[in-house]
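Taking the hints into account, I'd like the entire structure generated from these sequences.
Take a look at the letters that make up each chain.
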Amino acid sequence: MEWLALSPDEWNAVRLSLRVSFWATIASLPFGIWIAYVLARREFWGKSLLNGIVHLPLILPPVVTGYLLLLTFGRRAPVGSFLDSAFGIVFSFRWTGAALACGIMAFPLMVRAIRLSIEAVDRKLEAAAGTLGASPAWVFATVTLPLILPGIIAGMILAFAKAMGEFGATITFVSNIPGETQTLPSAIYTFTQVPGGEFGALRLTLVSVSIAMVALIASEVMARRLAKRIAVE
Amino acid sequence: MTISVNLNKRLGSFALNASFASSGRLTALFGQSGSGKTSLVNLIAGLTKPDHGRITVGDRVLVDTEKRIFRPAHKRRIGYVFQDARLFPHLTVSHNLRYGRWFAPQGERYADMDSVVELLGIGHLLGRRPDGLSGGEKQRVAIGRALIASPRLMLMDEPLAALDDARKAEILPYIERLRDETKIPIIYVSHSVAEVARLANDVVILSDGRVLSHGSAADVLARHDLLPASEKGEAGALIELVVAEQEPAYGLTFLRSAGGEWRLPRIKAATGSKVRVRVRARDVMLATEKPAGISALNVLEGVVTGIETGEGPDVLVTLACGDDRLFSRITRRSLEAMALRNGQHLYLVIKAVSFEGGAVAFRHAAAVD
Chain U
1 MEWLALSPDE WNAVRLSLRV SFWATIASLP FGIWIAYVLA RREFWGKSLL
51 NGIVHLPLIL PPVVTGYLLL LTFGRRAPVG SFLDSAFGIV FSFRWTGAAL
101 ACGIMAFPLM VRAIRLSIEA VDRKLEAAAG TLGASPAWVF ATVTLPLILP
151 GIIAGMILAF AKAMGEFGAT ITFVSNIPGE TQTLPSAIYT FTQVPGGEFG
201 ALRLTLVSVS IAMVALIASE VMARRLAKRI AVE
Chain P
1 MTISVNLNKR LGSFALNASF ASSGRLTALF GQSGSGKTSL VNLIAGLTKP
51 DHGRITVGDR VLVDTEKRIF RPAHKRRIGY VFQDARLFPH LTVSHNLRYG
101 RWFAPQGERY ADMDSVVELL GIGHLLGRRP DGLSGGEKQR VAIGRALIAS
151 PRLMLMDEPL AALDDARKAE ILPYIERLRD ETKIPIIYVS HSVAEVARLA
201 NDVVILSDGR VLSHGSAADV LARHDLLPAS EKGEAGALIE LVVAEQEPAY
251 GLTFLRSAGG EWRLPRIKAA TGSKVRVRVR ARDVMLATEK PAGISALNVL
301 EGVVTGIETG EGPDVLVTLA CGDDRLFSRI TRRSLEAMAL RNGQHLYLVI
351 KAVSFEGGAV AFRHAAAVD
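In order, the protein sequence lines correspond to chains U and P.
In case it helps, full-length UniProt numbering puts the first sequence at residues 1 to 233.
In case it helps, full-length UniProt numbering puts the second sequence at residues 1 to 369.
The set of hints was computed from the structure by calculation and includes no laboratory data.
Positions of the beta carbon are idealized from the N, C-alpha and C atoms, including for glycine.
Accuracy of the hints is not assured; some may be wrong.
Sample of chain P residues lacking proximity to chain U, with all beta carbon distances greater than 12 Å (derived) [to be verified]: (1) E118; (2) K168; (3) P291.
Pairs of lysine-lysine, BS3-like flavour, derived with a Cα cap of 25 Å [as the list claims (entries may be wrong)]: (4) P:K49 <-> P:K75; (5) P:K274 <-> P:K183; (6) P:K168 <-> U:K124; (7) P:K168 <-> P:K274; (8) P:K168 <-> P:K232; (9) P:K49 <-> U:K124; (10) P:K351 <-> P:K268; (11) P:K351 <-> P:K232; (12) U:K124 <-> P:K75.
Covered, in the sense of this in silico footprint (three residues per stretch, anywhere, with C-beta under 8 Å from a C-beta of chain U), are these stretches of chain P [claimed, not checked]: (13) 4-16; (14) 49-61; (15) 144-150.
In structure tokens:
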């Protein structure tokens, strides 16, 4: 069973993938809730355009998304150079760039899950909270948010899973640097490209499967618990 | 506190055009479904904006389109009890009850949680979640939630509509206590004459978005021409009786009024207490001579003060029995056969069983004011 033990490089890839996915999910969550709320509740000019842009990464080839990110956030690209000189934030060829790419690729899934749960909220409950003296911000915090929690968690888990598997946009944007930008999928890809890499690829594949299973089961359990707590009248 | 409403609002093809003022403790908004009752209440609550108009409660202006004043719902301090209880499913009963209190300004939290819980009899539910409650329990918690927010005005939009008769009977006494024991003015939406007669001091009748009539409950409910077709049979007089004696052997209560003596199905009230009774016009039979050998328990003497013929086969006869005013609906045929005329002396015959339990006769702690 020795062949199952992960090498330090492989551990690095697993840890990096978890870190990238975690931050991709956490950092995109506030935007995800905001965009989902706007799409679910507001009517405005250009709504379908916004909807289209949010869903674009789902439809475009990942390589195209990665290339667009390179064009925007690369060292010499307009936004990238501004962020670098003004705040010292660099995305290209860093793990943060991988997180950005994963976050953007996972964003439509997250928004979709949250938007559906916002649309399912009984707005009469929000009106009731308003008559009890809660301002719109308080209504959101004390009624809407708790009611959409299952949707938010589902969205986060979907986003996390998507980020764990993201490959095309990441490798295009931040390349495949062991220890910095080599995530699980990139590492597996690398193994398949070199002779004698079969065992490495298999080990990482098993890790991938385990993480995916744990995430799925966790989401099931959490959804069930929340459904029990927030049984709709 | 005077509530004054004068507004119009267009909702698709429906136009609401309502104007009334009421200082009654419980004002009933009465009308068929589709008459604009809920739209009106939503406008008062601030959930919708009127196209034009003004709403004031006491000296507080809630809306004045001319002066461009619109106080949003959360700043109106109006307790709203919805038809569907709308309890927050993610909170316990206790947290639901406390929700509004938290948002009320410190100095204005007059409502005491414990006494409201006691008033509504919901102490045993505090730890539960809304989904485990019965319809009647939910509605009581919803009333409590609105009360504990210390509102300046309560709106109740058919709070009993979704409940069966047993649940209604369970909640009505609580609403009566709310009316009699707190000082909060209440606007109560209903399409049931029985409910309105039991609860209201003032009545506003809405039809097709317009106010058909408003005034004291006794005056408005006598006008069967104002009531919707399905409720015309419920029109009648509201009179006040004093409990003289209980007759437990027969399950009856003996009462006196200015107009005479009454025997009604048992009313749970102490001797000497006043009760309000609705005598439906259709239940009152007229006789020119004192009837004898009949089963009906109530025979009163009265004088005809008015005869109103309508389009139908029936006429409405108004009678004065002492200081009480009663109504009788009879056919035009009987009217002619008996040759009734104003000032004629008559006997009124009313079966005790026509007052089914608490539906027509009820405890009324405070006099009609």
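We went through each hint and held it up to the structure:
1. For E118 of chain P, the requirement that its beta carbon stay farther than 12 Å from each beta carbon of chain U is met, with the minimum near 21 Å.
2. Against the 12 Å criterion, K168 of chain P stays outside the reach of chain U, whose nearest CB is about 20 Å from its own CB.
3. The non-interface label for P291 of chain P is consistent with chain U: the shortest C-beta to C-beta separation is roughly 55 Å, beyond 12 Å.
4. Distance restraint check for K49 of chain P and K75 of chain P: the Cα-Cα separation of roughly 14 Å lies within the 25 Å cut-off, and the hinted pair is therefore satisfied.
5. A distance of roughly 20 Å separates the Cα atoms of K274 of chain P and K183 of chain P; the hinted pair therefore holds under the 25 Å criterion.
6. Our distance criterion of 25 Å between C-alpha atoms is met by K168 of chain P and K124 of chain U, whose separation comes to about 23 Å.
7. As the CA atoms of K168 of chain P and K274 of chain P are separated by approximately 23 Å, the hinted pair is consistent with the 25 Å bound.
8. Proposed proximity of K168 of chain P and K232 of chain P is supported: the alpha carbons are some 21 Å apart, at most 25 Å.
9. Straight-line distance between C-alpha atoms of K49 of chain P and K124 of chain U comes to about 17 Å, which keeps the hinted pair within the 25 Å bound.
10. As the CA atoms of K351 of chain P and K268 of chain P are separated by approximately 19 Å, the hinted pair is consistent with the 25 Å bound.
11. Taken as a hint, the K351 of chain P and K232 of chain P pair is honoured in the structure, with Cα atoms around 20 Å apart against an allowance of 25 Å.
12. Taken as a hint, the K124 of chain U and K75 of chain P pair is honoured in the structure, with Cα atoms around 18 Å apart against an allowance of 25 Å.
13. Closer than 8 Å: that is the beta-carbon criterion, and the stretch 4-16 of chain P has 0 residues meeting it against chain U, so the requirement of 3 is violated.
14. Check on the stretch 49-61 of chain P: 0 of its residues sit with their Cβ under 8 Å from a Cβ of chain U, so the three-residue criterion for coverage is violated.
15. Check on the stretch 144-150 of chain P: 3 of its residues sit with their Cβ under 8 Å from a Cβ of chain U, so the three-residue criterion for coverage holds.
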